[in-house]
Amino acid sequence: MAQFALRRVLQLILVFFVVTFVAFASLKLVGDPLFNLVGVISGITEEQCEAVARGELEDTFTSGGNIGDCALIQRAKAENHLDKGVPQRYGIWVINMFRGDFGTSFVNGDEISDIIADRLPVSVRLIVLAQLIALGIAVPWGVAAAYRANRGFDKVSTVGSFALLSVPNFALGVILLYFFSLRWQIFPSRYENHGWWSEFKALILPAATLALGLAATYQRLLRTDLITTLQEDFVHMARAKGLSDRHIMYRHALRPSLFSVVTVFGVNTGALIGGALVVEQIYSIPGVGTELVEAVLRNDPPVVVALIAVVAVGFVLVNFLVDLVYAYLDPRVRSA
Amino acid sequence: MPDNSHSVKQLSVQNLSVRFPTVRGTVCAVNGVSFELSQGASLGIVGESGSGKSVTARTLMNLLPRSAEVSGGVEFEGADVRRLARERVKHFWGVKMAMIFQDPMTSLNPVKKCGTQISETLRYHLKRDRKTARHEGIDLLNLVGIPEPKKRFDQYPHELSGGLRQRVVIAMALACDPSLLIADEPTTAVDVTVQKHLLDLLDRLRKERGMSLILITHDLGVARRRCDEIAVMYAGRIVERGKPEDLFEDPRHPYTDALLRSMPRLNTPIHSRLEAIGGPPPELINPTEQCSFAPRCTLAQADCLQSVPQLSGVIGMREIACFYPANTKRGRRALAKNRARGKTAAGLQMSARRHTSG
Amino acid sequence: MNVVLDEAEAKKLGCIFWLAVGWLGVLVATTSFAPLLPIEDPSAIATGPARSGPSLDNWFGTDALGRDVFARTVYGARVSLVVGFVAIAFGMVVGGTLGIIAGYFKGSIDLIVNFAFFALLSFPGLVLALLITSTFDRSLRTVSLTLAVLAVAPIGRLARATTLLYGEREFVQAARVLGARHFRIITRELLPVVMIPMAALALLGMGVAIVAEGGLAFLQLSVEEISWGVIINDGRGIRDLQENPHVALMPIAAMFITILSLNFAGDRLRDYFDVRETAF
Numbered sequence: 025m026a027q028f029a030l031r032r033v034l035q036l037i038l039v040f041f042v043v044t045f046v047a048f049a050s051l052k053l054v055g056d057p058l059f060n061l062v063g064v065i066s067g068i069t070e071e072q073c074e075a076v077a078r079g080e081l082e083d084t085f086t087s088g089g090n091i092g093d094c095a096l097i098q099r100a101k102a103e104n105h106l107d108k109g110v111p112q113r114y115g116i117w118v119i120n121m122f123r124g125d126f127g128t129s130f131v132n133g134d135e136i137s138d139i140i141a142d143r144l145p146v147s148v149r150l151i152v153l154a155q156l157i158a159l160g161i162a163v164p165w166g167v168a169a170a171y172r173a174n175r176g177f178d179k180v181s182t183v184g185s186f187a188l189l190s191v192p193n194f195a196l197g198v199i200l201l202y203f204f205s206l207r208w209q210i211f212p213s214r215y216e217n218h219g220w221w222s223e224f225k226a227l228i229l230p231a232a233t234l235a236l237g238l239a240a241t242y243q244r245l246l247r248t249d250l251i252t253t254l255q256e257d258f259v260h261m262a263r264a265k266g267l268s269d270r271h272i273m274y275r276h277a278l279r280p281s282l283f284s285v286v287t288v289f290g291v292n293t294g295a296l297i298g299g300a301l302v303v304e305q306i307y308s309i310p311g312v313g314t315e316l317v318e319a320v321l322r323n324d325p326p327v328v329v330a331l332i333a334v335v336a337v338g339f340v341l342v343n344f345l346v347d348l349v350y351a352y353l354d355p356r357v358r359s360a
Numbered sequence: 388m389p390d391n392s393h394s395v396k397q398l399s400v401q402n403l404s405v406r407f408p409t410v411r412g413t414v415c416a417v418n419g420v421s422f423e424l425s426q427g428a429s430l431g432i433v434g435e436s437g438s439g440k441s442v443t444a445r446t447l448m449n450l451l452p453r454s455a456e457v458s459g460g461v462e463f464e465g466a467d468v469r470r471l472a473r474e475r476v477k478h479f480w481g482v483k484m485a486m487i488f489q490d491p492m493t494s495l496n497p498v499k500k501c502g503t504q505i506s507e508t509l510r511y512h513l514k515r516d517r518k519t520a521r522h523e524g525i526d527l528l529n530l531v532g533i534p535e536p537k538k539r540f541d542q543y544p545h546e547l548s549g550g551l552r553q554r555v556v557i558a559m560a561l562a563c564d565p566s567l568l569i570a571d572e573p574t575t576a577v578d579v580t581v582q583k584h585l586l587d588l589l590d591r592l593r594k595e596r597g598m599s600l601i602l603i604t605h606d607l608g609v610a611r612r613r614c615d616e617i618a619v620m621y622a623g624r625i626v627e628r629g630k631p632e633d634l635f636e637d638p639r640h641p642y643t644d645a646l647l648r649s650m651p652r653l654n655t656p657i658h659s660r661l662e663a664i665g666g667p668p669p670e671l672i673n674p675t676e677q678c679s680f681a682p683r684c685t686l687a688q689a690d691c692l693q694s695v696p697q698l699s700g701v702i703g704m705r706e707i708a709c710f711y712p713a714n715t716k717r718g719r720r721a722l723a724k725n726r727a728r729g730k731t732a733a734g735l736q737m738s739a740r741r742h743t744s745g
Numbered sequence: 535m536n537v538v539l540d541e542a543e544a545k546k547l548g549c550i551f552w553l554a555v556g557w558l559g560v561l562v563a564t565t566s567f568a569p570l571l572p573i574e575d576p577s578a579i580a581t582g583p584a585r586s587g588p589s590l591d592n593w594f595g596t597d598a599l600g601r602d603v604f605a606r607t608v609y610g611a612r613v614s615l616v617v618g619f620v621a622i623a624f625g626m627v628v629g630g631t632l633g634i635i636a637g638y639f640k641g642s643i644d645l646i647v648n649f650a651f652f653a654l655l656s657f658p659g660l661v662l663a664l665l666i667t668s669t670f671d672r673s674l675r676t677v678s679l680t681l682a683v684l685a686v687a688p689i690g691r692l693a694r695a696t697t698l699l700y701g702e703r704e705f706v707q708a709a710r711v712l713g714a715r716h717f718r719i720i721t722r723e724l725l726p727v728v729m730i731p732m733a734a735l736a737l738l739g740m741g742v743a744i745v746a747e748g749g750l751a752f753l754q755l756s757v758e759e760i761s762w763g764v765i766i767n768d769g770r771g772i773r774d775l776q777e778n779p780h781v782a783l784m785p786i787a788a789m790f791i792t793i794l795s796l797n798f799a800g801d802r803l804r805d806y807f808d809v810r811e812t813a814f
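Residue numbers (the numbering used here), protein chains in the order written: chain Z, 25 to 360; chain S, 388 to 745; chain L, 535 to 814.
Calculated from the structure, these hints are not laboratory results. Quick reminder that beta carbons are idealized off the backbone N, C-alpha and C, glycines included. A few of these clues could be false.
Said to hold, decoys possible - Listed next, the stretches of chain S that the computed footprint assigns to chain Z, with coverage defined by at least 3 CB atoms under 8 Å from CB atoms of chain Z: (1) 587-601; (2) 638-647; (3) 671-678.
Said to hold, decoys possible - Cβ-Cβ distance ranges computed for the label pairs, FRET-style: (4) L:Pro726 - S:Ala723: 33 to 41 Å; (5) S:Thr575 - L:Phe717: 26 to 34 Å; (6) S:Arg475 - Z:Pro164: 18 to 26 Å; (7) S:Pro667 - Z:Gly184: 46 to 54 Å; (8) Z:Val152 - S:Ser548: 37 to 45 Å; (9) L:Pro588 - Z:Gly184: 38 to 46 Å; (10) L:Ser577 - Z:Arg322: 47 to 55 Å; (11) Z:Ala187 - S:Gly597: 56 to 64 Å; (12) L:Val627 - S:Glu435: 26 to 34 Å; (13) L:Pro588 - Z:Ser222: 36 to 44 Å; (14) S:Ile672 - L:Val627: 52 to 60 Å; (15) S:Arg411 - L:Pro588: 34 to 42 Å; (16) L:Leu645 - S:Thr580: 41 to 49 Å.
To be verified - One side only, chain Z facing chain S, incomplete, derived with CB under 10 Å: (17) Asp257; (18) Val259; (19) Arg263.
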């Protein structure tokens, strides 16, 4: 168990570094961050600055309304470590991050730790709610379908789950918004937070939008695994013990059948932290996803990398938890 | 004392048939099986794979898949078992009747502690509270001869050896003190050395508790010393029934006879070949109206292929379903006829080695 | 248990499967020959009164600019299908190859490949797509390849798992004992069995790719051409939804039926090769 846990921890740490490094390196391709720092005069080249140093050029550049000199640019570069290579900058970034210093936005100078503190809780609440709704629907649904597999209810519910899986979540979002918010006005159409109750109400529709597709996925997985488990001898044994079908389904068959669901649950949770962007857009939720889209569009590399790092950490943590859940679900894993 | 209790009829199975519709046709797993069992008695049901012995047991335990078509009557201590099944009566199976399965490796839930799986029955059926159930569970582990029962109670099945697991399974089945225990090949999957211990344990428990036992096995030797009566099944029918000593000393049905010949014995000379049963295994899908063993039987005559021989004889003593029983005058004549022809009425070649029959 | 207890369910693909395949066939045929068919130019404005509902002239009605929604849906299908197909084809070739190699050779290759898949999966997919499309361009090629990269990991992991499962089976061992070369074992023995679950996943994955393209379009980061996502995005404003919902709903319906068909076909295919039964 200890060795197993250690291997997983190492693997997850490695994943974290690979993901953040790739994000970090690829952002070098995204436009020129210097531009956002100093404006159009970021176009001043090294040669021009060398020419200034030699006294061949005047040290005041005017371009598109910006006035600046070589010193300004060099200072900006040095402050943000833009004069160093990517690996070095990445190293500095990682060290700072572990100190709790995520840096500041190149565009508006906001502290990134503030942005994360602001955005992350909303996203986490959205995802937790979505996953709870999804599991709350999927478990009884999957159990009921597997209990009488290939019969009436199962056949109908197969069609139902396929229908749910086939609705793109942006379409589902639009449909739910239209009916529950615009038409019947049960839930607000935008995110609002005047106390936990109003936020809860505002998160129901977006969570449901995410949850219905997830529920269908989980239901399919659970159903398949349950059908396999129900052929096991210990299920026959439980029936021979005279336990009720409900007792057998929930107390005996469910737990050994949760592995696929738990695995996909882990993968999904990580992906959802940043991947709920579409839903966050539809319902104007100020979450990580929305901020990520905005940061990409406004060319703000420190924010993008920091948020991707948050997503990666989330993914890593959730998947580690999933491993612990495996150990809870199957005692054989514990002694392996 | 035991002889008195034997006279009280506990279980009565009348003309039981079980069919499974499949894509390829209807599988007739059990065809008109009847037997009775007295309180505290033990019955061995012996047969090869597909003979219908397990399906019979599962019918009693209400474990058949829903697609199964069952007919016939099952009466247990005055109650109509099939009606109880239809009405989904609680606290009957697992309480009055319990069952243990072949493979202790797979018949325990791998994700639940052994103890929980025992006390669960007590809590579910007898409404014991957690603490009492635990105490009784540990007592049960003790009863089935598991050392350190307190420690074992909190262990998971994978931490126990096969023999111990089967003891846990037995403890589980005994939890609510059933009056009938059905053991479906209880020792097939464990080491030979453990087999004897388990069989002795079952025997001891049966006698101590006045419980009846149906022991299902493919091994005639296993059934011999533990059962008051043995029923031999072939292709969904009981073909011979009687006391173990009669069956072993003087087998009448050609199948029983062949089965005994295929068994190694202490008194057979070294290097003598065991006799395999020739011919194809029985056809279970849409079987024709004939003796199912006829295609493999060295005594088969024309009338064996025309109708099904019914089980007849003195009930409680010896019953055989055969027109030409082995080791009788009729049987010897039939064998001689077939030998003269070189093949049986069903077309089975008479090999030189089969001459001992009859 | 002594008797094989088949449920009375015969092994057949069923009429829903063929219905799904039929729809996909019609869709591919219509979109392939769209320029030859008597339908409007999808970009022509004022083909009818703006924001009009379905009529004989404009089967799916018109949008705010009077463009024919039916023509747009047909042409939009071309882009969506191409994106879905390219993404999955690429995912199968790259992911499948890597997965089979990793599962067959095991050892350090497997460790690296599996790790790469895991890392790729831990990247939020849409974010990666967002990064790429905002960095490069929004051409059909870029969007298709972006989604293709996303398809590699899930398909590759399945290929690897299936290879691991079959790699030790007798027929592979037998080939190895007979002295077959690795390449031959992989292409002749493993590929055929790995292809079956991969094909099933590919159909499901195509649906996912089409939806992902729609998601990008929703964030206005997808292709410049007309795709289903683009049309739906055009019609999703509150005013559009209230006055002419058909602009969004018609392509949603087309998309829904297509993805449903892909899902059904994929699932039936998977069941067809792997039948399970239940105890109850």
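Taking 47 to 55 Å as the hint, is the beta-carbon distance of serine 577 of chain L and arginine 322 of chain Z inside that range? With Cβ atoms ~31 Å apart, the hint is violated.
Satisfaction of the aspartate 257 of chain Z interface hint, Cβ to chain S closer than 10 Å: Nearest chain S Cβ about 4 Å off; hint holds.
Between leucine 645 of chain L and threonine 580 of chain S, does the beta-carbon spacing fit 41 to 49 Å? holds, 43 Å
Go check the stretch 671-678 of chain S versus chain Z for me, would you? Three or more residues, Cβ under 8 Å, otherwise it fails. violated (count 0)
Taking 18 to 26 Å as the stated bounds, is the beta-carbon spacing between arginine 475 of chain S and proline 164 of chain Z within them? Cβ of arginine 475 of chain S to Cβ of proline 164 of chain Z: about 20 Å, so the range 18 to 26 Å holds.
Proline 726 of chain L versus alanine 723 of chain S beta-carbon gap, inside 33 to 41 Å or not: Given range 33 to 41 Å: violated, Cβ gap about 58 Å.
How does the Cβ-Cβ distance of valine 152 of chain Z and serine 548 of chain S compare with 37 to 45 Å: does it lie in that range? Roughly 44 Å apart at Cβ, these two residues keep to the hinted range, so it holds.
Could one say that the CB atoms of alanine 187 of chain Z and glycine 597 of chain S fall in the range 56 to 64 Å? holds, 59 Å
Holds or violated: the 52 to 60 Å window for the beta-carbon distance between isoleucine 672 of chain S and valine 627 of chain L? With a Cβ separation near 46 Å, isoleucine 672 of chain S and valine 627 of chain L fall outside 52 to 60 Å, so the hint is violated.
Arginine 263 of chain Z as chain S interface residue, shortest Cβ-Cβ below 10 Å: Since the shortest Cβ distance to chain S is 6 Å, the answer is holds.
Taking the beta carbons of proline 588 of chain L and glycine 184 of chain Z, is their distance inside 38 to 46 Å? violated, 27 Å
Interface hint check: valine 259 of chain Z, Cβ to nearest Cβ on chain S, cutoff 10 Å. Holds or violated? Check passed: Cβ of valine 259 of chain Z comes within 8 Å of chain S, closer than 10 Å.
This entry does not satisfy hints 1, 2, 3, 4, 5, 9, 10, 12, 14 and 15, going by the numbered hints stated previously.
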